[in-house]
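Q: What follows is the residue order along each chain.
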Amino acid sequence: MKKALLLMFLVLAVGMTVQAQSRMVNGKVISSEDRSGIPGVNVLVRGTSSGTVTDLDGSFSVNVPQGATELTISFVGFSTKNVTIGNRDFVDVTLDPDVATLGEVVVVGYGAQSKKTVTGAISSVSGEQLLNVPVQSFDQALQGKVAGVNIVTPNGVLNNRPVIRVRGVNSLSLSSYPLIVVDGVPTYTGDLSGNSAANNPLANINPADIQSVEILKDASATAIYGSRASNGVILVTTKRGQEGASRITYDSWVGVTEPVRLFDLLNAEEYMTIKNEARRNAGQDDAFFPYLDANGNVVDTNWYNEVMRKGLGQSHNLGITGGNARTNYYFSTGYTSQEGMIKGNDFERMTGRLNIDHKVFDRFKVGATMNYTNTVNRAPNTGSLPGQGFNTSGLGRIPLISAPNVPVFLPDGSYNITPNNQLGQGNNLVQSGFVNPAPILDLNRMSSVNNHLMGSVYGDVEIIEGLNFRSTYGIDRLTVEDQTFYTSLHGDGFGSGGLAANTFRTLNRWNLQNTLNYGTSFGENIDFNFLVGNEQQYTQDERWGAQRTVIADSFFESYQGNFTTIVPTGNIQSENYLVSFFSRANFNFYNKFLVSLNARRDGYSAFAAGNKFGNFYGGSLGYIMSEESFWKNSSISRTVNYFRLRTSYGLVGNNGVGNFASSGLYGTGLYGSDPTILYSQPSNPALAWETSKKTDHGINFGALGDRIEGEITWYHNLVDGLILPVPQAPSKGVPGGVMTGSGSIDTNIGSMVNKGIEMAITYKAISRPNFKWDVSFNFSTLRNEVLSLEAEGSQILSATAGLETVNITKVGESVGSLYVVETRGVNPDNGRRIFVKRGPAGEEILVQYDHLGTRWTTLDGQPTTQPTQNADGIIMGPTIPTWFGGIDNTFRFKNFDVGVFIQYSGGNYIYNGTKAGLRDMRFWNNHRDVLDRWTPENPNGSIPRVVYTDNISNGSAFPISENVEKGDFLRVRNLSLGYTLPSHVTQRMRISNARFYGQVQNAFLLTKYSGSDPEISTNGNTPSAAGVDRNSLGQARVYTFGVNIGI
Amino acid sequence: MKNIIQVLLVGGLLFASSCNEDLLSPIPPTTFSEAVVFDTPERIQQTLNGLYSTMINGQFYGGRYQVYNDIRAEEFSNRTTNGVTGLATWQHTVVSTTNEVENLWSIAYLTINRANIFIDGVSKTTGILEAETAQNYIAQARFIRGLSYFALLQLYAQPYTSNNGASPGLPLRLTPELDNANNDMPRASVAEVYAQIISDLNFAETNLALSNGSPYTNTTRAHRNTAIALKTRVYMAMGQYGNVITEANKIVSATAPFTAASGVGHALQDEILDVFSPPYTTTESILSAPFTELALPGTQNGLGSYYNPGPRGIGDYSLNMTGGIFTNPAFSAANDARSAWMIANTNGFTYLNKFPRGPQHLDFAPILRYSEVLLNLAEALVRDGGDQSRALALLNAVRTRSNENGAYTGISGQALIDAILTERRIEFIGEGLRSFDLLRTGQDIPGKENVGSVAKGSANYIWPMSANELLFNKAMTPNN
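Order-wise, the sequence lines are chains A and B.
Going by our numbering, the residue at position 900 of the first sequence is 900; the numbering climbs one at a time, nothing skipped.
Going by our numbering, the residue at position 86 of the second sequence is 86; the numbering climbs one at a time, nothing skipped.
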């Protein structure tokens, strides 16, 4: 009642002051802790609608109507203060940290909690850190920001999903990707595109809408998500309105993307020299000859120029937020379009969001979030997505293999192509390329378009003091339309006589959550909070489509044109359902002892009866030692003002199996024109969750009055009951699909451990009025070891793009280590590559290879058999970085700010398969390093004697240790320079703040890795096949210029 | 009190209908549960169709099996240096991890396991099929199993004729494999595997229908004469020429025109090109793999994909015009109807034009033809001391059908055998018999272009064993 009166008074006051006279009052808000200005603070003239927000140094300027006497100053984490204005024109305000909430609030599963009482391992990234980064999805922008979270950008294709590993690889066969929960509703992850246009649905969330991202890492924090928590949980919270004056933000950038670190390839003359020498060494005549253009010049094509470009990009976001005592709103709209460095690779997104909260009665709140996104992804066949590594028309590969001495276009202007779907060979006598990229880029197109509606409504009733019932109903409806068109002229559509394929996918999810939350205090010193809830989630996945081939006429460029055949393609009809009961109890004794207990029971439809339900739990203890009097009374408290010990343990799961994973199934097809039924999946009634037992011990501290804040954590994840696709002897004929043999049977049998230390420190190093330096630093280590597989000595081999087997997972090794035949350079006597075979007792036997000649011989010339991985291979690893982190520096000098964000990673090995291709002695073009090949005159050459068609000496036929390299790197991920307009200028412009900046994304890279990028992952997110570089395009550099304006 | 009621109400709301049992046990809408596939005659029929479709998968008898057996030999030149389309097989550099070595092994054994599951499933049904139909179905499954084992022997085992089948053969899997058990199984000897094939085919001969009812079904499904015809090939591989003669005589008349007297009336067609034209169902085609727009052999699998130049195919292989059969004096380009199988291309190479449809490869892939039965019989007659004049007549029936004036006269003994083998090269080019003929007759594999010849008995005379089989079947032994 009191509040209702107050509201009435406010409304009246607003009405009364409309016509009144007013004056400007300036001021500054600083923190009592470090005396520095606080940006973003709400300043409201009490009893009016007039207000503003402080700028970066805490200054504000507000219009005070006549008769108003007080300012209300409020900010999250600080106590709200009312200040009398009096006659002053300048008001200094000092805000005190809100002791009641002990600082910032972090979002946790099904709720929020004060940062200083959270005992689970949770890292938080603010929306500000994601706002200006020129990427497509927010997860890309988390790179290097969070301790214990390793994020790799696997290639330079736009909106290709990053590889995210929260505390290591936590599964072998299922996804190791974390659960992503947006405003309480789990959303879709993965590449949803059926063609080459990568489509990470997380890009459907506008990064500018994000208030904060929380990463839950240990069992205590994640157990409330039970069977989906094994890979960690990422909670995305979007912005909501705050009580106060309406505020408008406008954030915009324009930018240029360019390729970096392209390979130094042979030019036409060098190419002809090397290849003809190889022909002669193979006992064949020269076959490579110059081709003259119309002007009589020797053609020297740089195929990169045909494939790469400088791309332009832009982004605009408009946000309007505000609210009163009863209703808060956040409304935003955004648009971005980005061109990738690869021709034809574009990304475009339009978003609209409305988040609203309304207090119907004092004890009854309702609210809604509503987001609609339209995203267009377009890409050619970049050869860079998982499974594409060996595509002959992959654009990552074409520039590397195509002969430089043939032209792109013939003198008559037509494409230089053969009737056999090859690059025209000019005056060469043999094949000179796979395909010509020019017609492919001109005529083929692929797109993947999303229409994504994410939304939820909630109602929250306070039944009795402290007891709230909350019901949330969320929907997540995503449609994906994929379109593919391949010309019949050349490339991938040639074999089909032209091809068009369209598919339409609908992902429909509803999620219903009901929770009861009771918080109370027992006396002064014991706080208690108890949560119990039920969640149901149903997801339906349907896709249908058709493929048309043999185009009637080159006039047609779409599926709707005329073709002679049509077949169904891409059909999916599937569903899953998850039902859960969960509970959490938090205790806080004397603000010193903290206890959190979590439990969840999940039932999941994919498992067989009897195995549908599983129980998960997690608990943690915290002890704030700095609250003890002995601490407060000791001299150490003057330096270390906050010190807490915490420990947690729990058991969580991974349910990422196929929707019908446990059923024995028969697929269907056709024999001629008759229908077929085919045994396609063995039944598997015993299949169950993978479980992960996570242990954490850590300390949190604050020093120098919280100028230094940090945490150090030791973690240990024991993943057991790993689902292994236990390989079956191919002769058993167990199906691997409807038409593939060599199947495996999923069995909960393996175990694996991830352990390490993570550390995160923020330090306000310098806080002078005119100069500030903030630095945050994080560092993590990770050691992965496979503890058991289905049988002693068994191993899992993983192939790259289904062809080249490089990764091995074996007990005692790190997951997906490299499995190669050892090589020992080049024999100076004859220029042959030396390989190491293993004798019966494991002893080394050096052998050499002479292509087309004596083939495999020992060094003294005796014939021998070829080395193989299985008999002679060595294991090199790990492929996942063992240490990584980031350093983020922000310098502020007067109105200028400089940001330097460095990301580093290392301790891992990469199989540089691209190098094997770059040294292949078929017609393929080579890296310039082959100029240092062995010849009688150059007996110490680093490259074996070149012999035409030799695909063995340099690793194309089977992987060799020559191509294994270390993956250590340090990257200046982001470099920025900003200028904030001084407040007297912004006042004149009647805006609250404005900042202009320029930045370079991916500015510098320090690495000894010889491939295009040490962050590469040709096999994408596949847990057991990391660390492979096969013809993938590396990352681009992006220059942007932008503006952030607040009104 | 009011508060307590409120709490109870809300608590009830929270947990009422909080779990939906139906949603928790969904039934897949587009696949069959293993529990129901043998429930109706229609589903059993479709499951049998599934055996055929597995066998004629593009990785197997739908294309690649034939391709590998041709490109190992000397008739073709590789044009695309593409490791995915048999380069290693062509240049004899296959290793145990080469894709074709692993893939063909897998698909053949998938066919075998599906056949075993089908045989087991049909045997256990009661009252769904008539007894005769059930036996017929089992016979078709055993035929498919025998044909699959036969294919594996040709690539992964030493020829029977080199030592009467004493070499290591294949794991002989004859019962369903549905779970994690039984990974380890040693190789039976080559002779033991052949014995099983003969047993399957004898059962098939006894229980298959005399005719399946239509030209299409007689070409695409096994009937009695299909089993007999396959036995002639199997006994040729075993060098048991007396048995070849016995089997062949069941379906070859004593004198020209040679036809099958019982069952499907197999006969040579007057025009060879008719055999390879739609609808591909003449009585000369004893067994072929059918394809439709909805059931194609798959990318880089169809015979036409390998042998047709663009835009009808990818043109991975052109005819070897220096040492290939079309440069042999026994072939008269001017007078032989089979010269239509050569097509000159703009790139200067000559390609095989036997499976010309493209870019969709709808030509049926031939698996077994009556002309082979005739030449099998002819060769067996000479080698077994039989009627050489009948052998000559059989050879000339095949030869003069395409080359009217090309009849051989007055040859016998080794010269006749050589003439038959040469005729087989012309007649069956692209049908996957060349490597088979070289190996069963114990010849070296001739070289081509810059690829050397492979001597009988050398390590790459046959394919190595699949690496995955060696890894996961602990009882498996490598080939070299």
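Keep in mind that the hints are not guaranteed to be accurate.
[Claimed, not checked] Here are the computed lysine-lysine pairs in the DSS-like style, where the Cα-Cα straight-line distance is at most 27 Å: (1) B:K474 / A:K837; (2) A:K764 / A:K632; (3) A:K310 / A:K81; (4) A:K693 / A:K116; (5) B:K474 / A:K810; (6) A:K764 / A:K28.
Keep in mind the hints are simulated off the structure, nothing from the lab.
Q: Look at each hint and say if it fits the structure.
A: Taking the hints in turn, this is what the structure says about them:
1. B:K474 / A:K837: holds (22 Å)
2. A:K764 / A:K632: holds (23 Å)
3. A:K310 / A:K81: violated (52 Å)
4. A:K693 / A:K116: holds (25 Å)
5. B:K474 / A:K810: holds (17 Å)
6. A:K764 / A:K28: Holds. K764 of chain A to K28 of chain A sits at ~20 Å (cutoff 27 Å).
Hint 3 from the list above is the single one not met by this structure.
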